[in-house]
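S.K.: Could you build all of it, start to finish, from the sequences and the hints given here?
Note that the protein sequences, when read in sequence, are chains A and B. Yeah, the first sequence ends on 300 if you go by the working numbering, and it's all consecutive. Yeah, the second sequence ends on 162 if you go by the working numbering, and it's all consecutive.
By construction, these hints were calculated from the structure, which means they are not laboratory data. The C-beta atom is built at its ideal place from N, Cα and C for all residues, glycine as well. Some clues are possibly wrong.
Claimed, not checked - Which chain B residues face chain A? A few, computed with CB under 10 Å, are given here:
1) Glu-20
2) Glu-43
3) Val-46
4) Met-155
As the list claims (entries may be wrong) - Straight line, CA to CA, 25 Å or less: simulated SDA-like cross-link-like pairs of lysine to any residue:
5) A:Lys-2 to B:Lys-2
6) A:Lys-276 to A:Arg-225
7) A:Lys-29 to A:Arg-225
8) A:Lys-29 to B:Lys-2
9) A:Lys-29 to A:Pro-48
10) B:Lys-17 to A:Val-5
11) B:Lys-16 to B:Glu-75
12) A:Lys-99 to B:Thr-57
13) B:Lys-16 to A:Pro-11
Said to hold, decoys possible - Computed footprint of chain A on chain B; a stretch qualifies when at least three of its residues, placed anywhere within it, have a C-beta under 8 Å from a C-beta of chain A:
14) 47–59
15) 130–137
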Amino acid sequence: MKPPVFDYEQPTSLRAALESLSRNTGTFKLLAGGYSLLPLLNARTISPECIIDISRIGELRYVTEEAGTIRIGALATHDQVMNNSAVIRECPIVFEAYKHVGNHTIRNRGTLCGSLCFNDPTAEMPLIMSLLGATFVVRSSWGSRTLSANDFFKGPFTNSLMPNEMLVEVRIPRQPAGHGHSFIEISQRYGDRGLAAAGCMLTLKYGVVSDVRIGFRNLGEGLGRVRAVEAELENKAVNAAAIDAASTAARQSVRPEADMHADAEYRRDVAATLTKRVIETALMRAGQTSHVPSFSGRLS
Amino acid sequence: MKERDIQVTVNGRNAKKRIEARMLLSDFIRHELGLTGTHVGCENGVCGACTILVDGTAVRSCCTLAVQTEGCHIETIESLGRVNKLSPLQQAFWEKHGLQCGFCTPGMLMIMTELLRQNPNPDRAQIRERLNDNLCRCTGYEDIISSVERAVELMRAERGVQ
Ligand SMILES: Cc1cc2nc3c(=O)[nH]c(=O)nc-3n(C[C@H](O)[C@H](O)[C@H](O)COP(=O)(O)OP(=O)(O)OC[C@H]3O[C@@H](n4cnc5c(N)ncnc54)[C@H](O)[C@@H]3O)c2cc1C
Ligand code: FES
Ligand code: FES
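M.R.: As structure tokens, then:
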């Protein structure tokens, strides 16, 4: 179908966009890459009175690194973030997870911040940003506030932005040197919406793991990092029993829903299995000096 | 404003129109400019049949508003070749049976045009990786991969590389 009729504004500066947001009292939507919004408009799932197109605000299209912090502007595309050298070097889990985000054409135009605001329960990046401890810089024409992932994300398809606010930047702090990472997603076909996904980051010193971060996607409402799973490993010596305990904790912590693709029990099994796999892979990688990611072209 | 003037360059030609803001780029190209080579399959961002190049990058035209491309350079399937003078990529799809019904073909040719500009010598794995973008209901994909490999050969020959 075709989008409904709407008013259209195209601010070309952040200031103008924020003014536009505070002026608009009716229903409106920001438009960034459009790859989540346009399908909804085409299907007429939503009919906003006004579209505020922020895609021309060049000043927000950046990925930079300053004093160990990576700053990603609202309009940086998935492709720009995925292939940024500082991102690849400092937080290789981003590249690993991005291989599952749509496909090349989607990543050409879709934005990281759009994906975070949309917060689709199957989207990979909300989990990755939670694992990385990223902070979210939110602005309105009144001022700005900085939120943790926990405070920014609400339930599926929701975030904590006020109507006059927009996400302007995501900040990824410096990650522990030599940390291990892993992200694994299960889907029916490579590139499809994820059935379930898990991610893990950890640090390994003298056989003891610390700074363990484990979380899931599409395995229950609001699941980001899951402390009950992390606690099974934190400050413990790595052995098969600890990994099994984490895997069991994952099975108990997730609250998956059944749909036409898989029932809840299957998804619990997947959560337990993925937990084991991401921990094992992260352990294997921990302490290696460089994680040079390669796009092997493998399709699963 | 519900309407807007836009000016874009399409396949090297200037186009200027007053359009509704809600008009999809795919409809702008097909209905306003009469370039019906770009196909519309799902209008949902999933199939890739509508893919065109905007400022050199592949874009789903069904999930882009025409007004978003103000001032941009657009390339559609019509920019590739003619019936009596196919481009190397088109020639290769013809030789290697890279199409059956042809519905997905305009999108396939445009994503592969982008790939071959970024990487003139992709290997089979890289071609497969990029093919992940678009759907084809007929060929089973293998012939499309072979077609792109053949296009690489043809283009190398054109450039005089052995
Ligand atoms: C075929 C297909 C497959 C896909 N597969 C995946 C996938 O596997 N994984 C995945 O994560 N995503 C996937 N996506 C979605 C894609 O990643 C989108 O690009 C992304 O979710 C939204 O980013 P966008 O820039 O396109 O945002 P838009 O569609 O423009 O906006 C999305 C929402 O966020 C709001 N918004 C955007 N920017 C801001 C901002 N700065 N501040 C406040 N609100 C804002 C908009 O108002 C809108 O509600 C897929 C999309 C398609 C079409
Ligand atoms: S018609 Fe645009 S992606 Fe299917
Ligand atoms: S040739 Fe028929 S869909 Fe691809």
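S.K.: A separate judgement is required for each hint: does it hold in the structure or not?
M.R.: Tested hints:
{"no.": "1", "hint": "Glu-20", "result": "7 Å, holds"}
{"no.": "2", "hint": "Glu-43", "result": "5 Å, holds"}
{"no.": "3", "hint": "Val-46", "result": "8 Å, holds"}
{"no.": "4", "hint": "Met-155", "result": "20 Å, violated"}
{"no.": "5", "hint": "A:Lys-2 to B:Lys-2", "result": "15 Å, holds"}
{"no.": "6", "hint": "A:Lys-276 to A:Arg-225", "result": "15 Å, holds"}
{"no.": "7", "hint": "A:Lys-29 to A:Arg-225", "result": "29 Å, violated"}
{"no.": "8", "hint": "A:Lys-29 to B:Lys-2", "result": "15 Å, holds"}
{"no.": "9", "hint": "A:Lys-29 to A:Pro-48", "result": "6 Å, holds"}
{"no.": "10", "hint": "B:Lys-17 to A:Val-5", "result": "18 Å, holds"}
{"no.": "11", "hint": "B:Lys-16 to B:Glu-75", "result": "16 Å, holds"}
{"no.": "12", "hint": "A:Lys-99 to B:Thr-57", "result": "18 Å, holds"}
{"no.": "13", "hint": "B:Lys-16 to A:Pro-11", "result": "21 Å, holds"}
{"no.": "14", "hint": "47–59", "result": "holds (count 5)"}
{"no.": "15", "hint": "130–137", "result": "holds (count 4)"}
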